[in-house]
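Please work from the sequences and hints to get the whole structure.
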Amino acid sequence: MLLELKDITIPTEDGKCVIVNNVSFGVKEGSIHAVIGPNGSGKSTLAYTIMGLKMYNPSQGKIYFDGIDITNMTLTERAKLGMTLAWQEPARIDGLTVPNYIALGMKDKTNLKEKVIEALEIVNLEPERYLTRTIDESLSGGERKRVELAAAIAMRPRLIILDEPDSGLDMIVIEDFLNIFNKIKNLEMTILLITHREDIGMVADYGTLIWRGNHIITDEFPKVMLRYCAKAGLKEFCKRTLFKNDGTCFDEDYIDRIFREEGSS
Amino acid sequence: MTDSDYPEEILQSLEDYNIDIRDFLPGHGGGAKLLLDFNKIKGVEQIEGIILKGREIPNGIVADVVIKEGTKLEEPVHLCFGVSKETGIQEIFPRIIAEDNTEVKVQAHCSFPKANGLIHKMFGHFYIGKNCNFNYSETHYHGENSGALVAPVGYMYVGENSVFENNFNLTKGTPGKVKIMLDIYAMENSVIRSNIRAFGKNIKDSVRIRDAIYLEGKNARSVLKMKAAARDGGEVLMYGITEGNAPNCNGHVECSEIVLGKGSICRARPFIRATDPMSSVSHEASLGRFPQKWLDEIMAKGLNEEEATEILIEAMLREE
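These protein sequences, in sequence, are chains A and B. If you use numbering that gives the first Met the number 0, the first sequence closes out at 264, no skipped numbers anywhere. If you use numbering that gives the first Met the number 0, the second sequence closes out at 319, no skipped numbers anywhere.
Everything labelled a hint here was simulated from the structure, so no lab data went into it. A few of these clues could be false.
Said to hold, decoys possible - For the chain A half of the interface with chain B, some residues (derived, Cβ under 8 Å), not all of them:
| no. | residue |
| --- | --- |
| 1 | 53 |
| 2 | 90 |
| 3 | 177 |
| 4 | 179 |
Unchecked claim - Sample of chain B residues lacking proximity to chain A, with all beta carbon distances greater than 10 Å (derived):
| no. | residue |
| --- | --- |
| 5 | 15 |
| 6 | 28 |
| 7 | 130 |
| 8 | 297 |
| 9 | 301 |
| 10 | 313 |
The structure presented is a predicted model; accordingly, all values stated were derived computationally and were not measured. Note that CB positions come from ideal geometry on N, CA and C, so glycine has one too.
Shown next as structure tokens:
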């Protein structure tokens, strides 16, 4: 496993409530691993804790990256080990140019311009339109997310955590993002994808379902998605959207059984 | 004039700003230029459409720049008010007139690379006529020693339907004691964009900038952005004033300042005043540190907090 969480519990800042409770799962190197769950289930908290942001400290448990215990490492130390995070809503910063931002995490800054252009092309941004821009309000939400992704890719990390990369994007753009995820995978980077959308998650090899802060299942993604639908009581939605025209996935009886297990029909 | 006629230390002094003054020497580029070392005019180059005259006075010069009606210049006018010596009192009296229907960019460089007790005073008057597009950029470098005592005062009149963009940069080197006062008067349908950037880096630095925009003509608009940082005992005060004194005028003042290290002081005083019931003026100010999220986003690329802060300061003070 490239990333392993063991019994991670994350309290609120004041310690009075638990956001994520005793969660354990692993992420295989080279995979796309989706963490799904409804809004408020603790997915983003989990992502920030894995990345080591201030104020996101587990009260118990361990996080391992490539076998190294990173639980007490700083954000910078974790990034230097080869992991990064692309934010759900990246900041707009006046004066910071797109090329300078993309180059921030590059270890080797020779042929900088070529590398920046390459990163922009991976995220389907025309380089000539962005080389003189800044990451300020003049970029649309989708453009800013792509620049964030380009900066993460330019680092050539082993693990990229994508926090809700789909939020605020229309369907056509989402389709494009799915292609970008596959490009990242082909560059031998592992993706930990935080999402609550099944269409985004379907690009994943594996998944983990977090429900009200608790770990429910980690498995191949379709099985995780089925369990998500069962917990949410979305049987018709599940049959209609997830497994439509896909007889190889699950048969009706299996779907019925999972829904019964979760007490929904 | 050859490169060697102008002090090497001045020629090199703006490298940190990515400005090479050699590009602006007479014989280089197509723009008009006037270069000064203390009170000695080291070079003047005129071009068609411009009258550029300097008269030496005991402590400096009186410089007149007139851009004749209808002149549209592609190359910037360069004014270099340099001082290569450590001490003394330099006084500059520039009078800049842009006649109607002109388009011009003026780049002024005030460079005192060896300043150590030097005093620089400027008393400038700008008259910008109707239908002009006037861009004025002033970049300061006061050396790395004690900085200089710098006290410029500027009055700017911006005529009907004109656009005036002002950029003031004092972000490299040690500023010293700096007290700047600018008054900009905006007439009907004019647009003012004024951007002020300063960085106080140590206990010797005290930078106080007062930039006032008076929206005197109807539909006049302005945005005043004042950005500053203070570190290691440096002190910065940004005093941004906008008055709405005419119907449908609209102005905004924005002050952003970052304070780093104990003993540093940032102060912002956005001041707005409206005397016309149809005017609209607003302000915002923020002081302190960068948002943690900004730092996190950069640190997630493998930089530590200090490095991330440096990058954000560089970005904040970068000329747009």
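Here's how the hints hold up against the structure:
{"no.": "1", "hint": "53", "in the structure": "holds, 7 Å"}
{"no.": "2", "hint": "90", "in the structure": "holds, 5 Å"}
{"no.": "3", "hint": "177", "in the structure": "violated, 23 Å"}
{"no.": "4", "hint": "179", "in the structure": "violated, 19 Å"}
{"no.": "5", "hint": "15", "in the structure": "holds, 16 Å"}
{"no.": "6", "hint": "28", "in the structure": "holds, 22 Å"}
{"no.": "7", "hint": "130", "in the structure": "holds, 27 Å"}
{"no.": "8", "hint": "297", "in the structure": "violated, 6 Å"}
{"no.": "9", "hint": "301", "in the structure": "violated, 4 Å"}
{"no.": "10", "hint": "313", "in the structure": "violated, 8 Å"}
Of the numbered hints given earlier, the model fails hints 3, 4, 8, 9 and 10; all others are met.
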